[in-house]
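These protein sequence lines are chains A and B, in that order. Going by my numbering, the first sequence opens with residue 1, and the numbers climb by one from there. Going by my numbering, the second sequence opens with residue 1, and the numbers climb by one from there.
Source of the hints: derived by calculation from the structure; they are not laboratory data. Keep in mind that the hints are not guaranteed to be accurate.
Pulled from the structure, derived: some chain A residues nowhere near chain B, Cβ distances all over 10 Å [stated by the list, open to error]: (1) R8; (2) S15; (3) R42; (4) E68; (5) A69; (6) D107; (7) C152; (8) D172; (9) Q179; (10) E183; (11) G187; (12) F188; (13) P197; (14) Q217; (15) R243; (16) R259.
Straight-line C-alpha distance at most 35 Å; calculated DSBU-like pairs for lysine-lysine [as the list claims (entries may be wrong)]: (17) A/K218 with B/K14; (18) B/K251 with B/K175; (19) B/K111 with B/K237; (20) A/K218 with B/K287; (21) B/K414 with A/K103; (22) A/K103 with B/K14; (23) B/K165 with B/K40; (24) A/K236 with B/K466; (25) B/K28 with A/K236; (26) B/K28 with B/K163; (27) B/K111 with B/K28; (28) B/K175 with B/K14; (29) A/K13 with B/K477; (30) A/K236 with B/K14; (31) B/K237 with B/K251; (32) A/K236 with A/K218; (33) A/K13 with A/K218; (34) A/K218 with B/K251; (35) B/K466 with B/K477; (36) A/K236 with B/K237; (37) A/K218 with B/K28; (38) B/K414 with A/K13; (39) B/K14 with B/K28; (40) B/K40 with B/K175.
Note that CB positions come from ideal geometry on N, CA and C, so glycine has one too.
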Amino acid sequence: MELDAAGRSYPAKPSDVYLYATCLVDQFAPEAGLDAVRLLEREGITVHFPEGQTCCGQPAYSSGYPDEARAVARSQLDLFPEPWPVVVPSGSCGAMMRHHYPKLFEDDMVLGPQVRALAERVFELTEFLVHVLHFAHPDRGEQCTVALHTSCHARREMGCHETSSALLDSLDQVDVTEQARVEECCGFGGTFSIRFPEISEAIVSDKVESLRACGAQKVVSADCGCLFNILGRAAKLDQQAGRASPSLEGEHIASFLWRRTSEAPR
Amino acid sequence: MSQPINFHPVESFKERGRSVVNDPAQRKNFRSAMDFLQGKRRAQFPERQELEGLRDLASAIRRYSLAQLPTLLEQLERNLTANGIQVHWAENAEDANAIALDIARRVQARKIIKGKSMVSEEVDFNHRMQEAGIEALESDMGEYIVQLAGEAPSHIIMPAIHKTKQQIAQLFSEKVPGVPYSEDVDTLIQVGRQVLRRKFAEADIGLSGVNFAVAETGSLCLVENEGNGRMCTTVPKVHIAITGIEKVVAKLEHVPPLYSVLTRSATGQAVTTYFNIITRPRQPGEKDGPEEVHLILLDNGRTQAYADAQLRATLQCIRCGACMNHCPVYARIGGHAYGTTYPGPIGAIISPHLRGLDQTYPLAFASTLCGACTEVCPVRIPITELLVRLRNEAQARPDSEDATLRGSGAGRTKLATAVWRGWSLVYSRLGLYRMTSWSMSRGRALSPIDQGAWTRSRTPLVPAPKRLRDLLRKRRK
Chain A
1 MELDAAGRSY PAKPSDVYLY ATCLVDQFAP EAGLDAVRLL EREGITVHFP EGQTCCGQPA
61 YSSGYPDEAR AVARSQLDLF PEPWPVVVPS GSCGAMMRHH YPKLFEDDMV LGPQVRALAE
121 RVFELTEFLV HVLHFAHPDR GEQCTVALHT SCHARREMGC HETSSALLDS LDQVDVTEQA
181 RVEECCGFGG TFSIRFPEIS EAIVSDKVES LRACGAQKVV SADCGCLFNI LGRAAKLDQQ
241 AGRASPSLEG EHIASFLWRR TSEAPR
Chain B
1 MSQPINFHPV ESFKERGRSV VNDPAQRKNF RSAMDFLQGK RRAQFPERQE LEGLRDLASA
61 IRRYSLAQLP TLLEQLERNL TANGIQVHWA ENAEDANAIA LDIARRVQAR KIIKGKSMVS
121 EEVDFNHRMQ EAGIEALESD MGEYIVQLAG EAPSHIIMPA IHKTKQQIAQ LFSEKVPGVP
181 YSEDVDTLIQ VGRQVLRRKF AEADIGLSGV NFAVAETGSL CLVENEGNGR MCTTVPKVHI
241 AITGIEKVVA KLEHVPPLYS VLTRSATGQA VTTYFNIITR PRQPGEKDGP EEVHLILLDN
301 GRTQAYADAQ LRATLQCIRC GACMNHCPVY ARIGGHAYGT TYPGPIGAII SPHLRGLDQT
361 YPLAFASTLC GACTEVCPVR IPITELLVRL RNEAQARPDS EDATLRGSGA GRTKLATAVW
421 RGWSLVYSRL GLYRMTSWSM SRGRALSPID QGAWTRSRTP LVPAPKRLRD LLRKRRK
């Protein structure tokens, strides 16, 4: 798994894109998906949401069930017939499609070429906003301090810590502070959090602590898996401590960006 | 093969991890040790480009060596033999210990002084010698401490990293006659030095590991900081080196780049205090050095990794320990929890070959696949990919072509297989997915409060009232 963002070439601004929202966004964080659509449409792009999309297959892939992962991935391959970019508001799922799909179909003489061609046009949302759309919009929000958490796959396979950072830095009223051990995993790891609950809890507790301690009012992330893990842990700790208001708030970066730069702030 | 006592059954892996996680003092120890080591490494590689260039070079050297491993091993044997070093081949731990015992009996050895060697830990050398009535004493400070405590190393470079100076002070005052309790680190080191200095003189055999074995010159390279490695390999009359078959490199000029990434990645040192190149026993007219030098080359399952195009990369490892120093899981549970000689990410990918996947597969799952190990590995072992492959192997149908390793399929359960089949079905059939996700959203009020392991530490996950696809459909109208 190598960071290849530096070597990647980006297309000119397209007229149309596909949004591959991911199963987590579809079911648990639809607002983030909607905000991603709004961000893209504002640039004059027509956003297509293939109705057949379900999940990229990563849960099975990383849990050691390649056949099951391949079956799910297979069902997604034909959803993108036009040569438009596929934008994914998750570095983890984006990395799955961009880096692991070609491996999953490596030996497939028929699908292999199709999968490799698809992988080439998969972009994580922040990467797409920065490198293809050259995102630049006035910040209409109030002054605030945030911390950025980048998922491990987004960071190490897609280089998205840099693009997420660039987006936050482009907002005048937003100060970005850095939590201790910013590069460390949040402890989610998909089914790892279920298989090894104590270890996962230990890791995420440390992440919550470092985020609370860094002076940020909010943690922003481009990955829902990490956000649910971190915020869920923080909320549980609040419950246990009897705190009425949350000690840590968080938001998907798509929603954060849209809320701060849209004409009519929500 | 008899089961060495330093190996714990996999079933108790979770329990051991739990006991460390629930111990704040231990967790703090590991955390600060890991922070320290990460900082040291970072300081050694200020330039990203230089680091990546070095990793490319080191990786290429290791892959080049492995690509011609059989030829290099033969060349190594020829050249070592020509230099007067006796070469022995050991298929497994039992063989390795038998070879060492044969030598020990022939020279009527009673005492063996040891330099640091993880391969000797792998074959449980100390206990096997003890059973044969031979004392094997560790002379590396960290190894000496864990041996005194009756423990195994918890880290491949810093064996006693799990111990605080208070614990070491306590240990020395209890176990070393005439030593008062002192937490002063220099005093503690002096205690060790004084005990060990005598032992070097008394030992009949010195045992060491090998960092690099050079085929073209027939030389053994040994990297160390304490000088005990040099003592072990020069003072006793007999020197036995033991190493895995993968440690061979073709040329002497291949050593400096590997040495450089090894020390910088491991302890954040530009160079170590000692670097030994051992090429022959004492020659006539020379005043020191052993009269006999032996090399035991151990397979112990490495050929299984070698035979597999993907898993072969496991053998690129130069044992720097950077993967464990950067692993969020290792930092939380420490090395002993793994129950294998090699802990952390490298332990998870090498142990299945040494012990069988059936004995070790939970280690492959004990990772978030965050990739921190892969990012720092100086020889570019794709550790995360290998972990996924081992997960596949662990759950493969034992009689299928996907089950290729000793112990493949041992982690397969009917329940998990059924769950993932069901999952795959739901997410690959749009109709089923639509129905399932729709009912989850509609029935969100019925979402369970108790979501098992998830809600043990987190608030429950509740589906949104409307899915994104519903919101988008509504928006288009």
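Against the structure, the hints:
1. R8: holds, 16 Å
2. S15: holds, 18 Å
3. R42: The assertion about A/R42 holds, with a minimum of 14 Å to chain B.
4. E68: Answer for A/E68: violated, closest chain B Cβ roughly 4 Å.
5. A69: With a cut-off of 10 Å, A/A69 comes too close to chain B, as the shortest Cβ separation is near 8 Å.
6. D107: holds, 12 Å
7. C152: violated, 4 Å
8. D172: For A/D172, whose nearest Cβ neighbour in chain B is about 29 Å away, the distance exceeds 10 Å, so it holds.
9. Q179: holds, 14 Å
10. E183: Incorrect as stated: the minimum Cβ-Cβ distance to chain B is 7 Å, not above 10 Å.
11. G187: violated, 6 Å
12. F188: Contrary to the label, A/F188 does not stay out of reach of chain B, its closest Cβ about 7 Å off (not over 10 Å).
13. P197: Its Cβ does come within 10 Å of chain B, the nearest being 4 Å, so this is violated.
14. Q217: holds, 20 Å
15. R243: Since the minimum Cβ distance to chain B is about 13 Å, A/R243 lies beyond 10 Å and the statement holds.
16. R259: Since the minimum Cβ distance to chain B is about 16 Å, A/R259 lies beyond 10 Å and the statement holds.
17. A/K218 with B/K14: holds, 34 Å
18. B/K251 with B/K175: violated, 45 Å
19. B/K111 with B/K237: Judged against 35 Å, a Cα distance of about 12 Å means the pair holds.
20. A/K218 with B/K287: Violated, because 70 Å separates the two Cα atoms, which is more than 35 Å.
21. B/K414 with A/K103: holds, 27 Å
22. A/K103 with B/K14: Cα-Cα ~31 Å, so holds.
23. B/K165 with B/K40: Cα-Cα ~20 Å, so holds.
24. A/K236 with B/K466: holds, 25 Å
25. B/K28 with A/K236: holds, 23 Å
26. B/K28 with B/K163: Holds. B/K28 to B/K163 sits at ~11 Å (cutoff 35 Å).
27. B/K111 with B/K28: Not satisfied, since the Cα-Cα distance of roughly 38 Å exceeds 35 Å.
28. B/K175 with B/K14: holds, 31 Å
29. A/K13 with B/K477: holds, 27 Å
30. A/K236 with B/K14: With a Cα-Cα distance of about 23 Å, the restraint between A/K236 and B/K14 holds, given a limit of 35 Å.
31. B/K237 with B/K251: holds, 29 Å
32. A/K236 with A/K218: Holds. A/K236 to A/K218 sits at ~17 Å (cutoff 35 Å).
33. A/K13 with A/K218: holds, 31 Å
34. A/K218 with B/K251: violated, 55 Å
35. B/K466 with B/K477: holds, 16 Å
36. A/K236 with B/K237: violated, 64 Å
37. A/K218 with B/K28: holds, 27 Å
38. B/K414 with A/K13: violated, 49 Å
39. B/K14 with B/K28: Given that 35 Å is the threshold and the Cα spacing comes to 20 Å, the pair holds.
40. B/K40 with B/K175: holds, 33 Å
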